Amino acid sequence: MYRANMRWAPYQIVMAALLVVSALLLINCQPKGAGKTLTLAINSGVEGDALREAAQDYEQQTGVHIQIAEFPYANLFEKELLDLSSHTGAYDLIMLDDPWFPKFASLNVLTDFGPLLQKRGQDKPDDDFIATSIALCRNPYQTGALYALPYVGNSQLFFYRRDLFQKHNLPEPTTWDNVLTAAKTIHEQEPAGAATGAGMYGYVMRAAQGNAAVADFMPIFWAFGGEMFDAAGQPDVNSPEGIAALKFMIELGKYAPPGYASFNADEVGAHLLQGTAAMSINWPAWISSFNDPSKSKVVGKMEFGQMPAAKNPGRAEIGNWLIAIPREAKRPDAAMDFLIWATSAAQMKLSAQRGNPPTRASVFNDPELQAKFPSYPAQLKSLESSRPRPRTPLWNEIENAFGIYLSKANSGELSPEDAMNQANAEIKKIIAR
Amino acid sequence: MAQKGPLRQTKFFIPFAYVNGIDFFADANDMTSGLKRIDRGLGYILLAPTVAVLLALTIYPLLYSIRVSLQSETGNWTLQNFTRLLSDHFFLTALVHTILYAAIALTLEFLIGLGLALLLNSQMRGRAIFRSILLVPMMLPAVVVGVVWRLMLNSDFGAVNGTLKIFGWRTESLTWTAAPKLALASVILADVWQWTPFMFLIMLAGLQAIPQEPYEAALIDGASTWQTFRHVTLPLLKPAILIALLLRTMDLLRVFDHIFILTEGGPGFATETVSLYIYRTAFRFSNFGYAAAMSFVLLGITNVISVGYIRFLRTNETG
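As they're listed, the protein sequences go chains H and W. Reminder that position 317 of the first sequence reads as 317 in the numbering used here, one-by-one numbering, no gaps. Reminder that position 284 of the second sequence reads as 284 in the numbering used here, one-by-one numbering, no gaps.
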């Protein structure tokens with residue numbers, strides 16, 4: 001009765017056939033013509049888009065096939081870190097946000113560009129690259145070996161409503177004191193500009209825990225003379241200067257929309273575009289929206305300037321996209337050829353036209369581009385004087401902890417002194433681990 | 001098996017007890033005893049792919065994460081990931097938030113769910129429509145719920161403050177997700193909104209499975225409405241209640257998605273739960289060992305509570 005199990009039943013044959021077919025499909029997934037293929041991990045966003053389009057051009061010109069692996073910003077870091085630290089050699093080129101660079105460099109998973117450049121008769125990248133951008137690509141910072149090239153040159157700018165400054169006869173926001181006075185004046189005197197009838201806010205900032213709060217605080221912190229680490233490398237955020245900077249941030253917060261302690265980029269952008277807030281620290285990616293009447297109620301009224309000063313001159317935080325070659329990359333030479341091509345002045349101009357600030361002075365000074373992007377001179381000035389986030393492989397963890405205490409102070413949960421003392425203790429714990 | 005008889009009774013009350021595998025093989029055993037030994041061999045072969053998939057996707061990662069949790073970042077064997085938990089006040093605070101969150105949300109969801117089930121179990125007009133409407137939130141992805149509530153709770157243009165304003169409330173200080181004291185309440189509110197229907201659904205199934213006879217007996221004995229509810233409905237509904245509480249508790253303790261969208265753990269640290277902290281530790285700080293250690297603690301807590309529920313369910317049925 002059960003003799004069927006001695007022979008192949010029809011369903012078993014079907015199953016076996018399915019297995020064979022799926023195995024064949026898996027084998028077929030290997031890239032064809034692997035000798036001429038480069039694999040690129042990019043960010044899904046305007047920065048990655050430009051690189052993908054460049055890759056298509058490169059393929060047409062040289063015949064080298066470029067395979068793109070695209071990840072959202074939130075996953076890109078973990079994806080690259082996992083692949084690089086498990087030495088899979090899956091990628092020939094990776095895009096990385098500059099705060100991640102120390103982590104990758106400390107794990108020793110990136111290719112040193114020195115020998116690759118020497119092979120091409122160069123002893124260093126050319127001087128057209130902005131110094132502050134190239135400094136990010138070296139480990140140790142500024143002085144060490146080169147492990148990446150900068151592709152997108154963002155740095156913070158100070159956004160403010162020129163029309164309101166003129167209307168109320170306010171001095172330019174060149175110092176943080178001027179900013180505070182202006183925020184107060186505008187908040188008190190500007191009639192209800194908001195749809196909600198809540199009036200006009202003098203200043204708007206991101207104080208949500210994590211990256212947001214830290215990025216919007218650092219320019220104030222630095223201008224007031226604060227330093228995250230002292231000369232001995234110990235955390236020093238609770239110095240008198242640091243506490244004064246946080247007190248100032250909270251003072252500014254009085255003229256910011258309620259609930260700013262949970263704001264991220266979207267909320268800040270919305271307030272500025274709707275014309276319900278007058279000033280903010282922001283990133284160049286937002287500039288184009290202000291001239292788009294379908295998004296902006298303040299077309300032509302926004303000015304993009306430099307960071308205000310206090311005790312120290314104002315300096316913006318830098319945020320560049322870099323491109324590196326993993327140590328285990330299968331074709332480092334071909335990858336370097338592509339990288340040099342993609343970061344050349346001609347290609348960077350194309351990338352700039354696609355919406356990415358360049359990292360080369362000659363591209364910033366290109367008359368055609370300046371006509372299209374009037375804020376380029378201001379962006380160049382900001383980038384040249386910008387500062388990086390502290391260069392440590394533990395930055396993600398430090399930024400998270402610091403951001404939590406900044407957010408707590410801004411939401412009124414902790415006093416500025418307590419917030420800075422606790423943040424300092426937490427950062428100490430992180431670097432001691 | 002001593003519990004065989006009483007346990008099998010639960011099956012017609014609630015489909016979940018059946019799926020839960022408590023007495024799943026009762027009928028299968030009768031069947032297999034009639035088959036020849038050689039067909040058992042075929043049975044194992046047919047099971048092999050499932051077991052292989054289970055081994056590859058569940059058992060291996062589990063063992064691997066135990067290993068990772070017992071190693072330092074340099075690969076040495078150590079218990080430091082577990083000892084660090086005790087002095088990490090971020091973790092301890094997140095644990096308090098998680099337990100608070102689970103306890104409050106569970107209580108509210110249970111009471112409202114039971115109330116709605118009692119209401120819609122009676123013969124009222126249009127109850128079919130109400131039932132369908134009530135189930136909608138449960139079908140939405142948690143991410144969508146997070147975004148919807150984020151918009152509704154926006155202090156400037158959100159629907160909640162907008163409505164309150166119509167009734168003359170001053171809403172300037174009601175910043176919901178941005179206020180340290182209101183933020184936890186806000187994320188609980190969103191959870192209650194989404195998951196009360198689940199409680200309701202199980203309660204309703206339980207109520208409808210209760211036979212009419214006990215009610216008739218209670219009526220003859222002259223029991224009041226409250227007495228009927230307390231001594232007839234509640235005891236017969238107990239298995240359904242416990243299963244619902246068990247499933248929700250396990251879910252609530254590992255809550256992640258809508259908090260991540262609504263507040264991302266903020267403001268400050270006010271709504272950070274253990275799952276969020278585990279995520280951050282693993283994928284932002286790339287410390288997988290410590291994240292695995294925290295996961296095991298969370299798993300332990302979930303297990304202790306679940307075993308408690310199951311024990312209670314069993315004693316209740318045999319006793």
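Note that these hints are calculated values from the structure, not bench results. Bear in mind the structure is a predicted one, so any value in this text is a computation, not a measurement. All C-beta atoms, glycine included, are put in the ideal place defined by N, C-alpha and C. Hints are supplied without guarantee of correctness; some may be wrong.
Said to hold, decoys possible - What follows is a list of derived Cβ distance ranges for each label pair: (1) K297(H) <-> D251(W): 41 to 47 Å; (2) V96(W) <-> K301(H): 54 to 60 Å; (3) I45(W) <-> V46(H): 27 to 33 Å; (4) K295(H) <-> L135(W): 19 to 25 Å; (5) L135(W) <-> I13(H): 53 to 59 Å; (6) T58(W) <-> Q67(H): 28 to 34 Å; (7) H87(H) <-> L135(W): 46 to 52 Å.
* Asked: Which numbered hints does this structure break?
  -> 2, 3, 4 and 5
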